[in-house]
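Based on the sequences and whatever the hints tell you, model everything.
Okay, here's what each chain looks like letter by letter:
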Amino acid sequence: MEAGKHNANQLVTEEEERAIAEKLPAIFREFSQERTNLLPILQRIQETFKFLSPGAMRAVANYIGISTSEVYGVATFYNQFRFHPPGRHEIKVCMGTACHVKGGDIILENFERKLGIKEGETTPDREYSIERVACVGCCALAPVAVVDDKVIGYMQPSKVEGLFLQFEIQRKIREGQIKAEAS
Amino acid sequence: MGEGRKDIEDRYKALKNKVQEELEKEKGDGIPTIRVTMSTCARAAGAEETQKVIEDTVASLDVTARVIPVGCLGHCYAEPLIIVEHPQTGFPPICYHSVNAGKARLIVQSYIKDADPAFEYVMGAMEDNELIPPVTTFPRFGFEERIVMAHCGRINPWDIREYIALGGYSALVKALTLEPEVIIDEVERSGLRGRGGAGFPAGRKWRLGRTQKADRKVVICNADEGDPGAYMDRTIIESNPHQLLEGIAICAYAVGADTAIIYVRAEYPLAVKTIGHAIKEAETYGFLGNNILGSDFSLSVRIFQGSGAFVCGEETALIQSIEGRRGMPQHRPPYPVERGVWGRPTIVNNVKTLSYVPSIINQGADWFRSIGTEKSPGTAIFSIVGNVKHPGLVEIAMGTTLRTLIFDICGGIANKKAFKAVQIGGPSGGCLSDAFLDTPIDFDSLTQAGAMMGSGGMVVMDEDSCMVDVARYFLDFTQKESCGKCTFCRIGTKHLLDILDRITKGEGQEEDLTILENLARDIKQGSLCGLGKTAPNPVITSLRYFFDEYVAHVREKRCPALKCRSLTAYYIDLDKCARGCEACVGSCPVEAIFTTKGRKKAIDQSKCVKCGECMTACPKEYDAVRKVSPPSLAPIIERPHEEKVKEGA
Chain A
9 MEAGKHNANQ LVTEEEERAI AEKLPAIFRE FSQERTNLLP ILQRIQETFK FLSPGAMRAV
69 ANYIGISTSE VYGVATFYNQ FRFHPPGRHE IKVCMGTACH VKGGDIILEN FERKLGIKEG
129 ETTPDREYSI ERVACVGCCA LAPVAVVDDK VIGYMQPSKV EGLFLQFEIQ RKIREGQIKA
189 EAS
Chain B
123 MGEGRKDIED RYKALKNKVQ EELEKEKGDG IPTIRVTMST CARAAGAEET QKVIEDTVAS
183 LDVTARVIPV GCLGHCYAEP LIIVEHPQTG FPPICYHSVN AGKARLIVQS YIKDADPAFE
243 YVMGAMEDNE LIPPVTTFPR FGFEERIVMA HCGRINPWDI REYIALGGYS ALVKALTLEP
303 EVIIDEVERS GLRGRGGAGF PAGRKWRLGR TQKADRKVVI CNADEGDPGA YMDRTIIESN
363 PHQLLEGIAI CAYAVGADTA IIYVRAEYPL AVKTIGHAIK EAETYGFLGN NILGSDFSLS
423 VRIFQGSGAF VCGEETALIQ SIEGRRGMPQ HRPPYPVERG VWGRPTIVNN VKTLSYVPSI
483 INQGADWFRS IGTEKSPGTA IFSIVGNVKH PGLVEIAMGT TLRTLIFDIC GGIANKKAFK
543 AVQIGGPSGG CLSDAFLDTP IDFDSLTQAG AMMGSGGMVV MDEDSCMVDV ARYFLDFTQK
603 ESCGKCTFCR IGTKHLLDIL DRITKGEGQE EDLTILENLA RDIKQGSLCG LGKTAPNPVI
663 TSLRYFFDEY VAHVREKRCP ALKCRSLTAY YIDLDKCARG CEACVGSCPV EAIFTTKGRK
723 KAIDQSKCVK CGECMTACPK EYDAVRKVSP PSLAPIIERP HEEKVKEGA
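Chains as they are written, first to last, in the numbering used here: chain A, 9 to 191; chain B, 123 to 771.
Because the hints were derived from the structure by calculation, they are not lab data.
Keep in mind it's a predicted model, so treat the numbers as computed, not measured.
One or more of the hints may lead you astray.
Said to hold, decoys possible - Below, simulated DMTMM-like cross-link-like pairs (lysine to aspartate or glutamate); rule was C-alpha separation at most 20 Å, straight line:
id, chain 1, residue 1, chain 2, residue 2
1, B, Lys749, A, Glu42
2, B, Lys602, B, Asp620
3, B, Lys627, A, Asp113
4, A, Lys167, B, Glu713
Written out as structure tokens, the structure is:
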């Protein structure tokens, strides 16, 4: 699938943007309007909403009193920040040296193949997203993947299958519940 | 000084006595203690489940035991580890390794309930005794000489009292009763060199900081450990955060700073939580904050989280990022120690450097100098990972040889493979071949060999690692992490990477080898900061020590280590393949394996993604999957016609 298609799916809706804007003032109150707080504010926003929306970055620029392009410039410089909403399940594959030596790229490829997206993308249903990370510091257990903030050591392509099976079961249960509630 | 030295000492003594009494009371009740390693790596190995099972089993068996989280012992290959103290049985504290849920249940049942230590799971005793062999009889423990890591994995990082009971913060107390110059003298005399990589004498940096005339100065603890393959800063913070805070406080007192910032990388959420908790505890106990222990020295410590940029490990870039800018290195001078964060004199030290300070103040410069070598005193902490049997963290005296470290301490190469190279110092370091195994580990010897101490990451590679691929990997990393300020670093590394990419795909040309060499030299000269100056190191050293491999890739389009995917192929040896065995078919993620007419299996080369799962899945007694380079060596077997029809339908 082309990357463009996913991006279309990942566009933030006006509704989402409004919901974010409502919660921003509470976050801003925790920080003084100083430039040195730029990264902590952005981190806090990402922690709350999982990504930085265009509206949120405009609001930050306004709050600190710098231009929006300054905020974009800083945010895009750092690997940590995301500009699209991630999936419900976030998959990070470690590409550190030890993981590389032990075949981390094969693990990443397996995730990509299984989901039909490339690293840095989210599935159109916003269920999964894949990222590569430089090193999570668990080198003795390489290769490593971080799935929903849980570090999984000694990854194997076959473990990837198991993981998705688990998630799909969870998803079915969840959707089943939603249906039950609606009826 | 607000109060005399006597008052500060008395205050501390009273506090220590109180804490010891409290802990003694808890211990004296005879309740067994189970310490579970709960650092990030242990959690990855399942420590959270182990802890839960232990708690559940204790509850269900109706026995009592205290379950305490501890940091990392450094023995990451054996995680999760637990240490059980059962005072009523007369056994010393016992260490168990690889404690999964099942083992945890059995150990609690057998040892806590029935007082039988379950010897089949015991790794060793933590103290010398006559009943159980102590862990120090293993080379992995025995060779080590621990200063910074002495208490790591043994004390609860979430309970300041355990650190105080062992004499923690006594170095700060001692420092507060001395003149700052005396402390700087001691650190200078100890010969402590910055453990962040460059090896700059810590004492000299502090003296420069001291002599700055400014009202407000800042100490920054650099914990932006960005090197892939290195994680000792994380482990130290997660295992003994108070030792670091004590070092920071002593440094701040010596240089005259009132603010300290701990810059931790964002990828280490547990380290951030641990140090955050430790700061609060230290403030409550009066070791940080206003008028520390009643003296007139005050220090506020805060955490700044990095945002995932490797270049921010460089001090000027790190300062930019604290100020809310892109983390781009700046021209020096002025050095941070003259004009750093918010224009104030700033002393930037690494986690390890600061963690050595309390021991140096307590035990003196001469003691520190008695360990290690003349020009690199003390110990070195390495995270040694990759293809060794016992990966993890090792703290050894400087001057130990690479051979001792890799073969004696870490058990040598895993899976009966041969040693090929060791990569030292992260992406900016270099790859050393077996000719360098007898090199002593210290700042100067490693630099001479073409590698560098760096932050202490060490990746051991066996014969299956391709050095061209490894060089390409590091270049890919540094190229992505270049901040883009210097043209040579920004475009030069990209060009280097493109060439290496081509070579690993079998598209390299003869002249590429000379271009690599020249370009690498130019990038080193044309870059401002350490990232660009060292980025070509992996290429330079691998060209120097593994030139044959480059030649094989370029001239013969062959990868001798069978690593580069474009230059290798898998096939199934029909003579060895067993009829009816389907192991490989099930393992293949892309359905590239099909059944031949003789009911044996073969690989469709056009579909194969070369993940190697079939090779792992093929039962040992058949051992039928082969890997070859160049790919033309793999026999081509056509997929039977009916298969194709079925697939189309």
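The hints, checked one at a time:
Distance check on the hinted pair: Lys749(B) and Glu42(A) sit about 59 Å apart at the alpha-carbon level, beyond 20 Å; violated. The suggested pairing of Lys602(B) with Asp620(B) holds, with an alpha-carbon distance near 13 Å, which does not exceed 20 Å. With a C-alpha separation of about 16 Å, the suggested pairing of Lys627(B) with Asp113(A) holds against the 20 Å cut-off. A threshold of 20 Å between alpha carbons decides the hint, and for Lys167(A) with Glu713(B) the separation of about 17 Å falls inside it, so the pair holds.
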